[in-house]
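Novice: Listed below are the residues making up each chain.
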Amino acid sequence: MARTALPGRLTWRVATLSSLHDETATARSLVFDVPGWPGHLAGQHVDVRLTAEDGYSAQRSYSLASATDGDRVELTVQKVPDGEVSPYLGDVLKPGDQVELRGPVGGWFVWRPTDTAPVLLVAGGSGIVPLMAMIRARRAASSRVPFRLIYSARTPDDVLYAAELRRLEGGLDVSYVFTRAGGQRRRIGVADVNTHGWPADFQPDCFVCGPTGFVETVADILVALGHEPRKVKTERFGPTGG
Amino acid sequence: MTYVDGNALAGPLREIFAVDLTAASGQCVACGQTGPVAALRVYTSAPGLVARCPGCDEVVLRLVRGPSGAWLDLRGCVSLQIPL
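Residue numbers (the numbering used here), protein chains in the order written: chain A, 13 to 254; chain B, 902 to 985.
Treat the hints as calculated values from the structure; they're not laboratory data.
Partial list, computed: chain B residues near chain A (C-beta under 10 angstroms):
id, residue
1, Tyr904
2, Ala909
3, Ala911
4, Pro913
5, Leu914
6, Val920
7, Pro984
Since we're looking at a predicted model, the values are computed, not measured. Where is the CB? At the ideal position from N, CA and C, for every residue including glycine.
Could you build all of it, start to finish, from the sequences and the hints given here?
Specialist: Structure representation (structure tokens):
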């Protein structure tokens, strides 16, 4: 925490969109330039505030998708139909446009490059975003901590960062659970977590992010497999959506 | 009713406090369970934020932000242990 603790209260900063790219048909990554950005840890999030001309404002939390990199801040926004903020960020915002942003916030669901325990990441849908930040932070730090990622998505077309995850990376194992592929419906289960995760004896740090039901299912499985509850950190889709 | 978790309190609490409180460990008045603020269940559909204990569902913390100030109600929290 010490590295990212800001002096004084958290305040809003102006962020200027510098570039954007589509990740899937419904998700887009946005890269902002935020002068004076204090840096962040993988897993932290930001609050984004939009204000209309009539003064109405709406605010949402988004996970940071990138490792800390100067004044550059990357978010990935999953467009939520009928959402108030995400359609604007996902469809309307163009390079040069500005939004208000505050952060980084959150000091619990974070991975630090100084951590040495093996890491298990379990993502449901766009819950991959803060976990991708951890993978990128590991790479940026040339860390040799072994990572395993279990990524549950509806179909292969719904996988975020697909090209980046396909590239072989030493010490990072990636496995997928597709819940709607080939006309079948399935859910992540004990066998997926047991086969593709770490044995509890290794005392890995486990990070689980996704919709509430997914997170509770996976957290229960991990505890049943013998992982200590304090080593299982969860984030339910607060920091996405809407 | 749907809820998110205590990670969603990070921004609103950092507006008030100089350190992150979501990593702090708190004890529930009602059932005595101890755990991180980040693991509370947070309901956002009220006029403010209502955080409940994941063990017994009692209210631990409420936070309302008005135009000129904030109200923080910690009635369900015995104490907070804050990493510094």
